[in-house]
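Trainee: Chain by chain, the residues:
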Amino acid sequence: MTDRRTTIKLVLAAAAAMPALRARANYNDNLEPGASPPGNLRQFEPTMRGYGPDPDLIKAYERGAFWPLTMNAQQRQLAAALSDLIIPADEHSPAASAVGVVDFLDEWISAPYPQQREDRDTVLQGFTWLDGEARHRFEQPFAKLHEAKQRTICDPICNASRAPTDLQRPAQFFATYRNLTAAGFYTTLAGRKDLQYIGNVALTHFDGPPVELLKKLGLA
Amino acid sequence: MPFVTASNQRGSYDVIIVGSGAGGGQAAYTLCMEGVRVLMLEAGRQYTPASESPMFQTPDMAPLGGADTPDKNKGFYDGTVDGGWDVPGEPYVSLPDKWGSHFTWWRARMLGGRTNHWGRISLRNGPYDFKPRSRDGLGFDWPITYDDVAPYYDKVEMLIGVYGGETSLENTPAGPGGTLLPPPKPIVSDYLLMKYAPRFDIPVLPGRRAVLTRAQDHRTVPGKLHPGNTRAQKILAEAMRKRSPCLWATPCGRGCAVAANYQSTTVHLPPALATGNLDIITNAMVYEVTVGKNGRANGVRFVDATTGRHEHATARVVVLGASACESARILLNSKSSQFPNGLGNSSGLVGRYVLDTVGSSVSGQIPLLESLPPLNEDAADGLQVYVPWWLYKQQLAHKLPFPRGYHIEYGGGRGMPSVGTFSGFEWLTGGSYGKKFKEDARRYYGSFIGFDGRGAMVPNDNCYVDIDPNVKDRFGIPVLRFHWQWGEYEQRQAVHMQETFGAVIEAMGGRVRSPVVTDPVKAIAPGGYMIHEVGGTIMGAEARSSVTNRWSQTWDVPNLFVADGGVFPYNADKNPTLTIMALSWRMSDHILDRMRRREV
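If you read the sequences in order, they're chains L and Z. Letter 62 of the first sequence, counting from 1, is numbered 88 in my numbering, and no numbers are missing. Letter 218 of the second sequence, counting from 1, is numbered 1434 in my numbering, and no numbers are missing.
Everything labelled a hint here was simulated from the structure, so no lab data went into it. Hints should not be assumed to be uniformly reliable.
Stated by the list, open to error - Derived DSSO-like pairs (lysine-lysine); straight-line CA-CA distance at most 30 Å:
| no. | chain 1 | residue 1 | chain 2 | residue 2 |
| --- | --- | --- | --- | --- |
| 1 | L | K242 | Z | K1509 |
| 2 | Z | K1401 | L | K175 |
| 3 | Z | K1652 | L | K242 |
| 4 | Z | K1509 | L | K241 |
| 5 | L | K242 | Z | K1651 |
| 6 | L | K170 | Z | K1652 |
| 7 | L | K241 | Z | K1401 |
| 8 | Z | K1401 | L | K219 |
| 9 | L | K219 | Z | K1509 |
| 10 | Z | K1551 | Z | K1509 |
| 11 | Z | K1411 | L | K242 |
Claimed, not checked - Residues from chain Z that keep clear of chain L, each with C-beta distances beyond 10 Å, as calculated:
| no. | residue |
| --- | --- |
| 12 | V1437 |
| 13 | G1439 |
| 14 | P1486 |
| 15 | T1523 |
| 16 | H1528 |
| 17 | G1564 |
| 18 | Q1610 |
| 19 | M1811 |
Heads up, the beta-carbon is just placed ideally off N, CA and C, and yes, glycines get one too.
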């Protein structure tokens, strides 16, 4: 089985190989030539059933359609609190938990694939740390704390490059969790609207940007 | 009935074609339109883009938001089914087992093969690309010239529909006019490139992709492609009328239900089937070309993947279009007392000189593109513009440390947000969360651009496939073993990409996402990642130094042909698919000539 770094490299490289060009990560961003390559014998042996290489691509799936969701009630409360701390409601869009991000996260960390299993460990260990910290400092679970107290815990771990050495693991957890929360949120209709994405509709012709905009940008 | 099974195939055929992708699809089209009875064998399942393409599905409808997984390596909605870097039950071996010298092999076990998800980038090889050794003394010349292939580029472009623009740039040919569809309008980030590239003397041209920017001309094109053949003209005109122009939405890689882009399954196979001359057996895993006592091919053996039974199909001519490495595998596994080293292998070169494309990428963020007003920039799904190689003269004067060039596939825009859009965002946000994070997302969304260099590879002795002595697939067929090592030229070329892209991004006022990579070993993507592998049955002027001749015909077996990228003795920077189709059409015309002369 490939390790996580290799998986990331494969995934990013695969993205880089697609000529359908969109803003996205660069495979070189994570390329570490000294790292271990994929196994000598290239054969994927799933340890548990995923959706397989030929799923129905047309139907819309409920979260957990292919594998059971696994978070317990306490974990879901914590997940909702942390997701909403990262993506709260504002004048543009609702909070993350209001548009199904907890279910997205639950499906993600319950999935049988190597990347998701790795993220499962990161997230669940992070939950334990977060709740432990909340109880230790404020004698309440994280989900019950007011935002100011939640921020007291999260501010030191919100940027891994600035986090102190003893908080590196929580900081890695926070980065992963923010990535997943953003992934869940911005792939919903509410997230697309928040960003003012207006594509994915059939057009009879494509006119390009308005000249006035190009002029304003100095590109006309 | 066009889709048949092993048990109800129609006796013997004129031609068996192994594989249904670009090479096999084109051969079936050309041959069937001229009345040849063809049996096509496809290892994967039947696949119907009209009903199976998830065109407007949004990521929230997919498990994991559509993320890449080991089951679907390019995301849930990628058009590839039963394929990817690993196919269950069909392993391969990559040696030596260390980073930088392993090879990964993308396969698609489905009707139409890899044409269902490819990027549709359709660049012609130029005159230099067919005679590279004559120009700089390295590698091999093709036994044919650009002028030999140009009429077939014209025909393929008209048949499949390719958008693009005129050009007079060196070694960057376009047809005589009228073969290309109009290019799409650029998007904002494209205009940014058009403004800054000239400062580096870098040209920007309209992109070229197999996407219908308007309806095909079904009144005049069929007559140009099939002069004197009114039935073929009628069938093609009907097929062209059934294709819709681009809807300016949804990624081409998901497949196109309205046939607005090229896939073998929507463009080559429907008219070929409409002739009544094409039978297709899916789930037919071919492993051997059989040979009669006269030394000529008389058919193929295959495993019916649905029953597990071994079957035999017969024909006067056999065409391999299974993909470069898979066709080499079939030949190497076709051992007999007459051909103890495999078929077509008297030169010992079957499997040798496998080539891929050099790949290296740099992405960046551009303040000018922040907080733009809402714009629909789905456009043509990328490559509205591109950069052809521009330093031929410097190379000829030996002013660059690498002999062959690359083109740039550039992109940006306000595409549909995906699970990865805001991953690793801290390099811009400093780790924001809360309302600030949402503000940052709005600010930076659409302000990212990416440069992908795609470069030529000089053939080398270290890149080849052979048969692993131990490992077999689930059908009991011996599997391929890959050997791979980039040359120094390719590594230096990748560094040039990195430095160039970084400089342009900075000139645009942007920031590169991570520092440009100047270590030659680290700058280049591993072998196979670009999914452009060609070679392995290379064509040449002499039987001792090549596997196939100028007609893609094996030197050793006159009624055995190769229709896929295996015949490439050199992989220019141009994406190979258009050339595969042009050569397959040319090969098919040659087969027709020989059939008419009763030579096969």
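Trainee: Is it the case that Q1610/Z keeps its Cβ farther than 10 Å from each residue Cβ in chain L?
Mentor: holds, 25 Å
Trainee: Is K1401/Z within 30 Å of K219/L, Cα to Cα?
Mentor: Given that 30 Å is the threshold and the Cα spacing comes to 25 Å, the pair holds.
Trainee: Does K1509/Z sit within 30 Å of K1551/Z, going by the straight-line distance between their CA atoms?
Mentor: Holds, at about 14 Å.
Trainee: Are the Cα positions of K241/L and K1401/Z separated by 30 Å at most?
Mentor: holds, 16 Å
Trainee: Just checking, T1523/Z versus chain L, shortest CB gap more than 10 Å?
Mentor: holds, 19 Å
Trainee: Please work out if K219/L and K1509/Z have their alpha carbons no farther apart than 30 Å.
Mentor: The hint is violated at about 70 Å.
Trainee: Taken at face value, is the distance from the CA of K242/L to the CA of K1411/Z at most 30 Å?
Mentor: With a Cα-Cα distance of about 14 Å, the restraint between K1411/Z and K242/L holds, given a limit of 30 Å.
Trainee: Hey, does G1439/Z actually stay past 10 Å from chain L on C-beta?
Mentor: G1439/Z clear of chain L: closest Cβ-Cβ about 28 Å, beyond 10 Å.
Trainee: Are all C-beta atoms of chain L more than 10 Å from that of V1437/Z?
Mentor: Non-interface label stands for V1437/Z: nearest chain L Cβ at 22 Å, farther than 10 Å.
Trainee: Is the Cβ of P1486/Z more than 10 Å away from each Cβ in chain L?
Mentor: Consistent with the label, P1486/Z stays out of reach of chain L, its closest Cβ about 21 Å off (over 10 Å).
Trainee: For M1811/Z, is the shortest beta carbon distance to chain L beyond 10 Å?
Mentor: holds, 37 Å
Trainee: Is it the case that G1564/Z keeps its Cβ farther than 10 Å from each residue Cβ in chain L?
Mentor: At about 26 Å from chain L, G1564/Z clears the 10 Å cut-off, so the statement holds.
Hint violations for this structure: numbers 1, 2, 4, 9, all remaining hints satisfied.
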